[in-house]
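Asker: Bring the two chains, given one by one in their own frames, into a single complex with the hints.
Quick note, the sequences are listed as chains A and B, same order.
Numbering-wise, the first sequence is residues 262 to 839 according to my numbering.
Numbering-wise, the second sequence is residues 227 to 409 according to my numbering.
Think of the hints as simulated: they come from the structure by calculation, not from any bench.
The reader is advised that the hints may include incorrect statements.
Dumping the calculated DSSO-like pairs for lysine-lysine here, alpha-carbon to alpha-carbon at most 30 Å [claimed, not checked]: (1) K484/A to K471/A; (2) K240/B to K453/A; (3) K294/B to K572/A; (4) K284/B to K464/A; (5) K453/A to K294/B; (6) K228/B to K464/A; (7) K601/A to K294/B; (8) K294/B to K345/A; (9) K290/B to K345/A; (10) K572/A to K228/B; (11) K300/B to K464/A; (12) K464/A to K240/B; (13) K575/A to K290/B; (14) K228/B to K575/A; (15) K284/B to K591/A; (16) K290/B to K591/A; (17) K287/B to K588/A; (18) K471/A to K508/A; (19) K572/A to K290/B; (20) K572/A to K287/B; (21) K591/A to K287/B; (22) K799/A to K643/A; (23) K240/B to K318/B; (24) K294/B to K464/A; (25) K290/B to K471/A; (26) K228/B to K294/B; (27) K575/A to K294/B; (28) K318/B to K588/A; (29) K412/A to K240/B; (30) K280/A to K240/B; (31) K300/B to K588/A; (32) K287/B to K471/A; (33) K284/B to K471/A; (34) K453/A to K300/B; (35) K588/A to K290/B; (36) K633/A to K819/A; (37) K240/B to K471/A.
From the structure, some residues in chain B lie toward chain A, with a derived Cβ separation under 8 Å [unchecked claim]: (38) E238; (39) G242; (40) N245.
Virtual Cβ for every residue (Gly too), placed ideally from N, Cα, C.
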Amino acid sequence: MELVNEQQNKAETSTTPMKITGAEAVIRSLIAEGTDLVFGYPGGAIMPIYDALYDFQDQLKHVLTRHEQGAIHAAQGFARVGDKPGVVFATSGPGATNLITGLADAKIDSNPLVCITGQVGSHLLGTDAFQETDVISISMPVTKWNFQVTKAEDIPGAIAKAFYIATSGRPGPVLIDITKDAQFAELDFQYKKCQGFRSYIPKPRLDFEKVEAAAGLINQAKKPLILFGQGVILSGAENEFKHFVEKTGIPAAWTLLGLSAMDTDHPLNVGMLGMHGNYGPNKLTNEADLIIAVGMRFDDRVTGDLSTYAKNAKVIHLEIDPAEIDKNVKTDVALLADAKEALHALTESVSPNEHSEWLAEFRSHDKIEQEKVIDNELRPTKEGMTMGEVIRRVNEHTNGDAVVVTDVGQHQMIATRYAKFKQTKSNVTSGGLGTMGFCLPAALGAKLSRPDREVVAVIGDGGFQMTLQELGTIFQTGAAVKVIILNNQFLGMVRQWQQLFFDKRYSSTELVNPDFVTITKGFGIEAQSVDARDNLDKGIEDMFTHEGPYLLEVIVEKEDNVFPMVPSGASVSDVRLS
Amino acid sequence: MKQVYTIVVFTENKIGLLNRVTSIFTQRHVNIESLSVSDSEFPGIHRFTIVIEQEQEKVEKIAKQIEKQVEVLKAYYFKDEDTVFQEIALYKVDLSTIDNKESLFQIIEDHGAIQNSTIGDLLIIEKTGHKKDTHALFEALQPYGIIAFVRSGRVSLSRYAASFSGHLEQFELHSKEIITNHN
Ligand SMILES: Cc1ncc(C[n+]2csc(CCOP(=O)(O)OP(=O)(O)O)c2C)c(N)n1
Numbered sequence: 262m263e264l265v266n267e268q269q270n271k272a273e274t275s276t277t278p279m280k281i282t283g284a285e286a287v288i289r290s291l292i293a294e295g296t297d298l299v300f301g302y303p304g305g306a307i308m309p310i311y312d313a314l315y316d317f318q319d320q321l322k323h324v325l326t327r328h329e330q331g332a333i334h335a336a337q338g339f340a341r342v343g344d345k346p347g348v349v350f351a352t353s354g355p356g357a358t359n360l361i362t363g364l365a366d367a368k369i370d371s372n373p374l375v376c377i378t379g380q381v382g383s384h385l386l387g388t389d390a391f392q393e394t395d396v397i398s399i400s401m402p403v404t405k406w407n408f409q410v411t412k413a414e415d416i417p418g419a420i421a422k423a424f425y426i427a428t429s430g431r432p433g434p435v436l437i438d439i440t441k442d443a444q445f446a447e448l449d450f451q452y453k454k455c456q457g458f459r460s461y462i463p464k465p466r467l468d469f470e471k472v473e474a475a476a477g478l479i480n481q482a483k484k485p486l487i488l489f490g491q492g493v494i495l496s497g498a499e500n501e502f503k504h505f506v507e508k509t510g511i512p513a514a515w516t517l518l519g520l521s522a523m524d525t526d527h528p529l530n531v532g533m534l535g536m537h538g539n540y541g542p543n544k545l546t547n548e549a550d551l552i553i554a555v556g557m558r559f560d561d562r563v564t565g566d567l568s569t570y571a572k573n574a575k576v577i578h579l580e581i582d583p584a585e586i587d588k589n590v591k592t593d594v595a596l597l598a599d600a601k602e603a604l605h606a607l608t609e610s611v612s613p614n615e616h617s618e619w620l621a622e623f624r625s626h627d628k629i630e631q632e633k634v635i636d637n638e639l640r641p642t643k644e645g646m647t648m649g650e651v652i653r654r655v656n657e658h659t660n661g662d663a664v665v666v667t668d669v670g671q672h673q674m675i676a677t678r679y680a681k682f683k684q685t686k687s688n689v690t691s692g693g694l695g696t697m698g699f700c701l702p703a704a705l706g707a708k709l710s711r712p713d714r715e716v717v718a719v720i721g722d723g724g725f726q727m728t729l730q731e732l733g734t735i736f737q738t739g740a741a742v743k744v745i746i747l748n749n750q751f752l753g754m755v756r757q758w759q760q761l762f763f764d765k766r767y768s769s770t771e772l773v774n775p776d777f778v779t780i781t782k783g784f785g786i787e788a789q790s791v792d793a794r795d796n797l798d799k800g801i802e803d804m805f806t807h808e809g810p811y812l813l814e815v816i817v818e819k820e821d822n823v824f825p826m827v828p829s830g831a832s833v834s835d836v837r838l839s
Numbered sequence: 227m228k229q230v231y232t233i234v235v236f237t238e239n240k241i242g243l244l245n246r247v248t249s250i251f252t253q254r255h256v257n258i259e260s261l262s263v264s265d266s267e268f269p270g271i272h273r274f275t276i277v278i279e280q281e282q283e284k285v286e287k288i289a290k291q292i293e294k295q296v297e298v299l300k301a302y303y304f305k306d307e308d309t310v311f312q313e314i315a316l317y318k319v320d321l322s323t324i325d326n327k328e329s330l331f332q333i334i335e336d337h338g339a340i341q342n343s344t345i346g347d348l349l350i351i352e353k354t355g356h357k358k359d360t361h362a363l364f365e366a367l368q369p370y371g372i373i374a375f376v377r378s379g380r381v382s383l384s385r386y387a388a389s390f391s392g393h394l395e396q397f398e399l400h401s402k403e404i405i406t407n408h409n
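Isolated chain B (complex conformation) (with noise of 0.2 Å):
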């Protein structure tokens, strides 16, 4: 059965790593929902944080295949329910062509929006959450005519204790006594 999988993969922060992860899913005629990169708690270690719709079984394989590549420290992949995730949208509109601010406002606040900020007669307005939160706003909006709209990738933490620092530490450890494999 498919369903919606994060995959979270800790790298080395080098060029073209990027390209070579998701290279993964295109062999594998697999569609990225989502994608984020930014740094994590690790100097010099990039986080990447990844959605995907899919089995169970093609994910535990595509993570495999990530971790095989000799810069990627770690993969790891979750269902929803393990892990406590975000999105945040912004949508901008043009005040001059609203007659009705007062409703829109209210809408703003009912989702628990806000307003981020305005420029001349635009508004941006801002909002996090789960997809089909900031979805909601983007269909309440839409009378309001949106000019432009951008939902960021996703955001996720995994809701247990046991961190990647333990799996780094070993790595770090591995690392010392390597010996190389040809003779």
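Only chain A is shown next, with the shape it has when bound in the complex (with noise of 0.2 Å):
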């Protein structure tokens, strides 16, 4: 059994052969698949690789995390700001297990991963040897391909594979399990780029008569509604979308991660779809007589009750995994494609068109939430201070140009609901996994991934303390994240609920925090608490103005809410303002 079969294995780079071990492949292969950063963490089983990458330092360089979880979060961070996917080594057994949460998150928000990890000898396979795990069946439900290499030969064609794997069509994370006598032998080295094979296509090819159908809704919809996700991110299809939206008119929602897809400020996006999303999109998804959805997938997060669920629409989706169409939500017409090439037939077909009436409820909506809930939020009059104006006071700085990464809580939804973005993949978050303890990390990936673009880290307390030893690799790395925690000393969103919906009763949700500045000075980082309004714009300042990485922390209101909200099961249209 090939691994490749080389008939379907064009070439496209090839290197004349010559005769290395299986761990220099993996390096030269990572190398010519032009990677020039790993994260990682060495151990027994992937000693050999490590070896020879210590005679790459100059062409490949390696973040030493502090967990095999940071490695992949800061992998997936790195992929999601850059153009890149992220790589990742990890030695077998913990080292492989650690890398699953990453796995699961990277899956589910289709993040370009390629992981290698060690593994026994292939003598030792299934002897319950030391530090042997059977990570293939283990991260099998979480990644988009994985392979085991038991033969040095095998190691060029199954990483060319895996990165073909992980960045084409619907991205995801791919795993490599590489057998340490594999790493130790010999081959005739020679890379190819993977260029396809048969069993897979990315990309299903765009139906022109399709096109033709949406365009016929698109113009007779009277109360058409666009929702967009990460696929117009993924791929790179903000100007056509941009496009679309303007020739078409049409409002335009984004999920979380379609976040900065499209200028947060732009006349016709009308906000954030969801749980805590905006008021207007929320309530007028069930009045839309059409929804376009792009590169989104229905999430329940997203959809609340799939039975009340936009009744009144017809459904077109843009949508280039064939698994998603009528996945949650029937669809009337299937735009089966990539995004990019999807949008711009589908500009070319439609009419131009305004809706300004339309658009005048969503403003409507948008004065009745700016009234009940923004206001306070972002300009509040109550002493203790809200989640809202420390992301406000970062916009002020920022001017919407800078990454915005998030944790997973209450800080999560304030943030991403008013940051402003200008730029596009300035959003990382953990959406379908909602990982805790990802922010960290994934910032770190995100600075080394675009040093040149400002890294805000905005965590909860909680969060925070699930990998916070990563400040061992801000410090190591010098990558200047920008982190700020905002404490409100609880696990805030669990909290939320139990007073919403458990009756107040606050079980095991209050944090005994540790003191946040002495651990981060403590890992050579300048930090510093606020704890009242009038040294919060001080504390910003100071933060942006230190040029390498810093910590703020801000005391926030302990018991504040998130809203709008829709609460779990509810209709979008019973979205709730307090």
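Answerer: As structure tokens, then:
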């Protein structure tokens, strides 16, 4: 059984053969794929690869995180803001199992990752050898593809295939598990990039009849609504999307991962969908007569109760993954294709239009939300600080040009609701999996991917303590990440649910926290804590003017809630403002 | 309405693919009634035949998720009336404990089963048929003492002329013109 059929796999880049070890082949293959940075953590079963890396440090930098989970989240952050997949090294056994959360996160959020794990020698497979774990079986449901290599000569082909699969079609994480003997053994190395294999069709061919059918629906619609997701960003279709929205004049609302695909201040950007999304798009989804979903997957956090969701609307779904069509919401016209291509064709076919009355309905909902929710959040008059006013000040500093990385919880919803974005690939958050602990390492990865950009990490006091050891990596790399801890001394989002749906029975959600400033300084990173509004401007100013990494803790109101809210299981039009 | 569906999957011949395919059922809490894996008419391509009892909508979604796996070429699903299918069952009885052997042989004949082999006093009976047929024989043999029983997974072919080979050509064609997605 051959990994890669030579006829199927035509050469693109090809090097003349040379005899090297499997471990060196790993390094040379990564370099051939354009990788210049790897996140990882060494251990017995991957030592030959680390040893080979030693000779290539000028071409392939390695970031030693403090935990394998940190490595994979950093690789996710790296991939999300840049244009290369994230690459991760981990050893067998516990090293490999520590990757699982990150793999699951990357799978559900479609992040391209290539993870390489060491494995015990092939003669030991199945003997319960020291640090042997069946990572292929464990990672199967959380990888787009995985493969175990037991022969050195299979390494280049496996890595070529891994890169191809991770980055093409709907991207995702792949894992290559390499036995130690395959790392030591020699092979005739020659690298050919993978350009396809027969069982995998990454881009379905666009059906132009469907484009016409979709254009027909769009031209007739009186109350159309566009829902856009990360697919716009993943296909690099931001411009095509903007043209489409502007030509049709249709209001466009984003999913959590669609955020930053379109300028947050664009007049046709009507805000966020879903559980803590904006009032207008939630309320008006059920009035729309046409939903045009672009590169999004109708997650339950977006749709609420499906049986009452968008029942007055026909549905057009632009999507690259056939398995997403009709998965949650029945489609009238499915445009199976890469978003860039589909949007381009669709924009050509639709008539220019305006929907000013319909848009005005969004504006009047905005007004209600502004008065009932937003003003209090962004410009509070009460004594305690809100998370929103912190984000407002961040906006004033960054002007919408920063990468904002968030963890999971109330601060995540506040930050994504209120952060301004002018540039694409600027919102990094754990959407589908909701992984606490994601933010700090992801922000590190984002900064290393785009050192030219300001990277702001917004984290809760709970989530920060899940991966705070990565402050060590931030210190060692000097990555100038600006970390804001919004400290409400609670697992805030869970507390909010306890307050609203469990009779205020605060079961195990109160945190007695350590001194975050002392901890951060212990890692060699500058930090300060702000507990009064009068000091907030200065705190933010200090953070941004400081040259290296910086941590700012802001003590916010303990028991604030995030609104609007669509209670779980309710219809989107039952969105609550308080 | 739940009914019996046969999902037929064509895959590359790769280690672990069975695991990947079955975990799609596990994730959705769907029980697999029967499963068989074999080669197909195409060299290097394996054929999975999976029987489940589900609503059509769920079956369709499962088939799509299976087809999404990068080493799966194609997944189809069929209702029973669209296929010709069979299973094979083997039954082991001990002739030394059976007084009325004639009636046993008569039952075997009536059910269209055959005496596959005898090993000493042991008789292996073989019956090809649908589950209800092999089950009927099981019931009929029970009074004689069944020492062991096994039924194979279903094998199934569709009733239609259209075949997977057309798709295969498309795949081969496609794989020649693929361009990578990341620039
Ligand atoms: C790894 C993990 N465990 C548990 C949860 C469930 N959970 C979701 S939000 C949340 C509270 C987060 O608290 P904190 O980090 O302080 O942020 P806040 O909500 O207060 O802003 C918890 C426990 C999760 N999302 N991820």
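Asker: Now tell me, hint by hint, if it's right for this structure.
Answerer: Against the structure, the hints come out as follows:
Taken as a hint, the K484/A and K471/A pair is honoured in the structure, with Cα atoms around 21 Å apart against an allowance of 30 Å. Note on K240/B and K453/A: the hinted pairing holds, with a Cα-Cα distance of about 21 Å set against a maximum of 30 Å. The straight-line distance between the Cα atoms of K294/B and K572/A is roughly 29 Å, inside the 30 Å bound, and the hint therefore holds. A hinted pair counts as satisfied when its Cα atoms are at most 30 Å apart, and K284/B with K464/A qualifies at roughly 24 Å.
Distance restraint check for K453/A and K294/B: the Cα-Cα separation of roughly 25 Å lies within the 30 Å cut-off, and the hinted pair is therefore satisfied. Between K228/B and K464/A the alpha-carbon distance is near 33 Å, which puts this suggested pair outside the 30 Å criterion. For the given pair, K601/A sits about 21 Å from K294/B by alpha-carbon distance, which is consistent with the 30 Å threshold. Between K294/B and K345/A, the direct Cα distance comes to roughly 23 Å. Compliance with the 30 Å bound is thereby established for this hinted pair.
With a CA separation close to 28 Å, the supplied pair K290/B and K345/A stays within the 30 Å bound. For a cut-off of 30 Å, the pair hint linking K572/A to K228/B stands: about 26 Å separates their Cα positions. As the CA atoms of K300/B and K464/A are separated by approximately 15 Å, the hinted pair is consistent with the 30 Å bound. Among the hinted pairs, K464/A with K240/B is consistent with the structure: their alpha-carbon atoms are about 23 Å apart, no more than 30 Å.
In summary, the hint linking K575/A to K290/B is supported, as the alpha carbons are separated by about 23 Å, within the 30 Å threshold. Our distance criterion of 30 Å between C-alpha atoms is met by K228/B and K575/A, whose separation comes to about 28 Å. Annotation: proposed proximity of K284/B to K591/A holds, straight-line Cα distance about 13 Å (limit 30 Å). The straight-line distance between the Cα atoms of K290/B and K591/A is roughly 15 Å, inside the 30 Å bound, and the hint therefore holds.
Taking the CA atoms of K287/B and K588/A, the gap is near 7 Å; set against the 30 Å cutoff, the hint holds. Taken as a hint, the K471/A and K508/A pair is honoured in the structure, with Cα atoms around 19 Å apart against an allowance of 30 Å. The suggested pairing of K572/A with K290/B holds, with an alpha-carbon distance near 25 Å, which does not exceed 30 Å. Taken as a hint, the K572/A and K287/B pair is honoured in the structure, with Cα atoms around 21 Å apart against an allowance of 30 Å.
Of the supplied pair hints, the one linking K591/A and K287/B holds, its CA atoms being roughly 12 Å apart against a limit of 30 Å. This hinted pair checks out: K799/A and K643/A have alpha carbons roughly 20 Å apart, not beyond 30 Å. The hinted pair formed by K240/B and K318/B fails the criterion: a straight-line CA distance of about 35 Å is larger than 30 Å. Between K294/B and K464/A the CA atoms are separated by roughly 12 Å; this keeps the pair inside 30 Å, and the hint holds.
Straight-line distance between C-alpha atoms of K290/B and K471/A comes to about 20 Å, which keeps the hinted pair within the 30 Å bound. A hinted pair counts as satisfied when its Cα atoms are at most 30 Å apart, and K228/B with K294/B qualifies at roughly 24 Å. The hinted pair formed by K575/A and K294/B meets the criterion: a straight-line CA distance of about 26 Å does not exceed 30 Å. With a C-alpha separation of about 46 Å, the suggested pairing of K318/B with K588/A is violated against the 30 Å cut-off.
At roughly 15 Å between alpha-carbon atoms, K412/A and K240/B fall within 30 Å of each other, so this suggested pair holds. Restraint check for K280/A and K240/B: satisfied, since their Cα atoms lie roughly 28 Å apart, inside the 30 Å limit. Between the alpha carbons of K300/B and K588/A the distance comes to roughly 18 Å, so the proposed pair stays at or under 30 Å and holds. Taken as a hint, the K287/B and K471/A pair is honoured in the structure, with Cα atoms around 21 Å apart against an allowance of 30 Å.
In summary, the hint linking K284/B to K471/A is supported, as the alpha carbons are separated by about 25 Å, within the 30 Å threshold. About 27 Å separates the Cα atoms of K453/A and K300/B, which keeps this hinted pair within 30 Å; it holds. With a C-alpha separation of about 9 Å, the suggested pair K588/A and K290/B falls inside the 30 Å cut-off, and the hint holds. For a cut-off of 30 Å, the pair hint linking K633/A to K819/A stands: about 20 Å separates their Cα positions.
Distance restraint check for K240/B and K471/A: the Cα-Cα separation of roughly 36 Å exceeds the 30 Å cut-off, and the hinted pair is therefore not satisfied. For the restraint placing E238/B at the interface with chain A, the shortest Cβ-Cβ distance is roughly 5 Å, inside the 8 Å limit, so the hint holds. The beta carbon of G242/B is positioned within 8 Å of a beta carbon in chain A (closest approach about 6 Å), and the interface hint is therefore held. Below 8 Å, beta-carbon pairs count as interface contacts, and N245/B has one with chain A at about 6 Å; its hint therefore holds.
Violated hints, in rising order: 6, 23, 28, 37; the structure is consistent with all others.
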